[in-house]
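Engineer: Next come the chains, spelled out residue by residue.
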Amino acid sequence: MVPITTLHYLVVAAALFVLGTIGVLTRRNVVIVLMSIELILNAVNLNLVAFSRMWGLGGQVFAIFIIVDAAAEAAVGLGILIAFFRNKETINVDEIDLLKW
Amino acid sequence: MNPALNVGSAPVATPWFFYGLAAAAVISGLLVITRRNAVHSALALIVTLLSVAGLYLMLYAPFVAGVQIIVYAGGIMVLFLFVIMLVSIERTVKERQFNRIWPIGLLASCALLALFLTAFKKGQSLFPNRVAPLPEALNTQGIAAALYGEAGKMGQYTFAFEIASLLLLVAILGAVIMTKKKI
Amino acid sequence: MVESLMSYLGSTVPPSNAGNQLWALIYILIIFAGVSVAVMAMNWIERKALAHFQIRLGPMRVGPHGLLQPIADALKLMLKEDIIPDESDKAVFWFAPIIGLLAAFTVYIVIPFGPSQAVSDMNIGILFMLGVSSLGVLGIVTAGWASNSHYPLIGALRSSAQMVSYEVAMGLAVVSAILMTSLNTGTGTLSMIGIVEAQRDQGIWFLFKFFPLGLIAFVIFAIAMVAETNRAPFDLAEAESELTAGFHTEYSGLRWSLFMLAEYAAMIAVSSIAVTLWLGGWMRPFPALLHGPAWEFIFSLFPGLTFAALAGFAFLGTIRMPSHSFFKIQRIGLGAFGLVLAFIALLLFAIAVAGRGDNANLAGRFREGIDYVYWFVLKVAVFMYLFIWYRATWPRYRFDQLMKIGWKVMLPISLGALIATAVVGVLVK
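So the sequences go chain by chain: A, B and C.
Numbering follows the numbering used here, with no gaps: position 72 of the first sequence is 72.
Numbering follows the numbering used here, with no gaps: position 95 of the second sequence is 95.
Numbering follows the numbering used here, with no gaps: position 87 of the third sequence is 87.
A hint or two may mislead.
Unchecked claim - Just some of the chain B residues that point at chain C, by a computed CB distance under 8 Å:
#1 V39
#2 L43
#3 A44
#4 A73
#5 M77
#6 L81
#7 I89
#8 V93
What the hints assert, rightly or not - Listed next, with one range per pair, are the computed distances between beta-carbon atoms:
#9 B/A160 x A/L98: 44 to 50 Å
#10 B/Q156 x A/L7: 24 to 30 Å
#11 A/L7 x B/G149: 55 to 61 Å
#12 C/G186 x B/T14: 34 to 40 Å
#13 C/Q202 x B/L112: 40 to 46 Å
#14 C/S36 x B/E95: 43 to 49 Å
#15 B/L112 x A/K88: 28 to 34 Å
Unchecked claim - What the simulated footprint calls covered on chain C by chain B, stretch by stretch (three residues with Cβ under 8 Å from a Cβ of chain B suffice, anywhere in the stretch; the number is not a length):
#16 35 to 49
#17 53 to 66
#18 225 to 234
#19 268 to 281
In short, the hints are calculated from the structure, not lab data.
Everything numeric in this text was worked out from a predicted model, so none of it was measured.
For glycine and all other residues, C-beta sits at the position ideal for the given N, C-alpha and C.
Chain A extracted, bound-state conformation:
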């Protein structure tokens, strides 16, 4: 078996990133779009931690900050969703178009 190198982790991270991007661009359900954003953030974290194995602890510290940031963003995003759901009773992104002319 070929020994596992950093490249292997980067490929996994790239796959997760692309899956998250497909989710954001294609799905109609807002909650699933937010979950795809979490997938993207995880892919970035994996990338950072894989490189931090070579180049010091900065990558891991940055990954911790990204996790903190993701928590804040999930809370605010879901708050916006709930506030909107109270008004229009839908969770599909293409029906959230109150500002369109």
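Assemble the complex: chain A is given as a structure, and chains B and C must be docked to it using the hints.
Structural biologist: What follows is chains B and C alone, placed relative to chain A:
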């Protein structure tokens, strides 16, 4: 020789663990974006998060793995499940799941994937396999030194740490205010 | 394989750290068996103790004094019909108790029964424990949602809101205990074995350190852990009079028993955290005050004495049983049970006597291991009894009172204790 004790060479413990965790992560990621039912997507995302935590452990980053499990899988996903249960209405399961412009999104993502793979192929020389001396037992102390500082002087990321706490405060206030019925 | 078995004996690190997977597997099997036996014993003690608190007798028929009642309950639950609601989400319904069980049992990997008697000594031990026990919330939420019915959903949402709120106070109390581990060496540790060794090196249980700060953190943790495991007086989400059994309403038979197993296992796990962090883990009482070979020998007799006392109770029960022919089998059963306990007591006495003093020979190492495990299990058993005592004594909290306490009382107090501990720790240096 016990393969699990392969410390000090390439950043891994055992290939089987890596392939298993990577497969779990990618397959669950696929399930996240394709399931009709939002709760199934959330459960698949939990499996993804736990597999990624396992990958962090393989990269000798135990503290980040612990934080991932506590914050992401144990906190953020509970929040997601709560909101899904609050806004879940019956008709969403029977509606159309994907956008009308989904082919364009898929094409763009495939272009992105091609870009990534080209970058990996071309940039092979940038990822040498050398390993910086990072003894795993001192990982937590190292992160603490970077975040809090040690021996009387500020760490490299202490200021960022304080700003992150301010960010969390703002997020808490924002979430509370946004979900109030009358401000 | 025998080579692998023999090479680990006499080691001073847990088997996973020594790289010995076989012994790690053996430890895992022992822990699994031990937790199952402990859950059954806990079930019996809970029913008998609650009954005696309420001036009645509890189960008396199934075995002598109801000793075989847990086995009868387990058999009944396994043979019951498995009812799955028609409109429920079958996959998630099936999966939910497994999530709860996984979260409750994975925690046992890092629980230290002794300085090398753990499956693995991760250097993020306490972080791992907090994280995995917070995954138990997911089991409850999915169980409530999958049942597709009102009461389970409300029960699940309330229960998970409660668990998440008390996790914050729990985490802060744990942090204030971990702060204390750094006071003698300048570097703290997150590993469970390291925390107990810090208490041993500082010569004081963290419960009494910087009195009353250690005590405040311990009390906050003790209250939060009762709320974490959904036990009385915080059991609004699963109480029968409130929500028709809450999130596990629709579960019957074996699935319900999985939930109960997960709940009891989680109780034992959080009690182990409390014992490790504040009560000195596997250390015997007064290690510094009452030292010397004579005191060591006296304290090493305690396991045998405990089993001898239990055997004494069993024999007393045998003698006091009415001498009617209906009770003949129960009398014989209880007498046999007493004989088994007495045999175990004799065995422990023999090990204590044979291995006294030095720890070099086999009996000495056995004695040491048994002593460590005994003191740890005794302290956890005290916590288990406290859980039952709370349930018998206190009325249930209403849900808004519960959340108010979690956020407005426990969080500020635990924050204050943390800051005070840090300040005192720096000043004492």
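Engineer: Could you run down the list of hints and mark each one as holding or not?
Structural biologist: For each hint, the structure was consulted:
1. V39: 6 Å, holds
2. L43: 7 Å, holds
3. A44: 11 Å, violated
4. A73: Hint on B/A73: holds, closest Cβ of chain C at ~6 Å, below 8 Å.
5. M77: 7 Å, holds
6. L81: Constraint on B/L81 satisfied, holds at 5 Å.
7. I89: 14 Å, violated
8. V93: 10 Å, violated
9. B/A160 x A/L98: 44 to 50 Å: Violated, at about 37 Å.
10. B/Q156 x A/L7: 24 to 30 Å: 28 Å, holds
11. A/L7 x B/G149: 55 to 61 Å: 35 Å, violated
12. C/G186 x B/T14: 34 to 40 Å: Holds, at about 36 Å.
13. C/Q202 x B/L112: 40 to 46 Å: This hint is violated: roughly 55 Å between Cβ atoms.
14. C/S36 x B/E95: 43 to 49 Å: 47 Å, holds
15. B/L112 x A/K88: 28 to 34 Å: 32 Å, holds
16. 35 to 49: Per the Cβ count (0), the hint is violated.
17. 53 to 66: Violated: only 0 residues of the stretch 53 to 66 of chain C have a Cβ under 8 Å from chain B.
18. 225 to 234: violated (count 0)
19. 268 to 281: With 0 residues close enough to chain B, the hint is violated.
Violation of the numbered hints given earlier is confined to hints 3, 7, 8, 9, 11, 13, 16, 17, 18 and 19; the remaining hints are satisfied by the structure.
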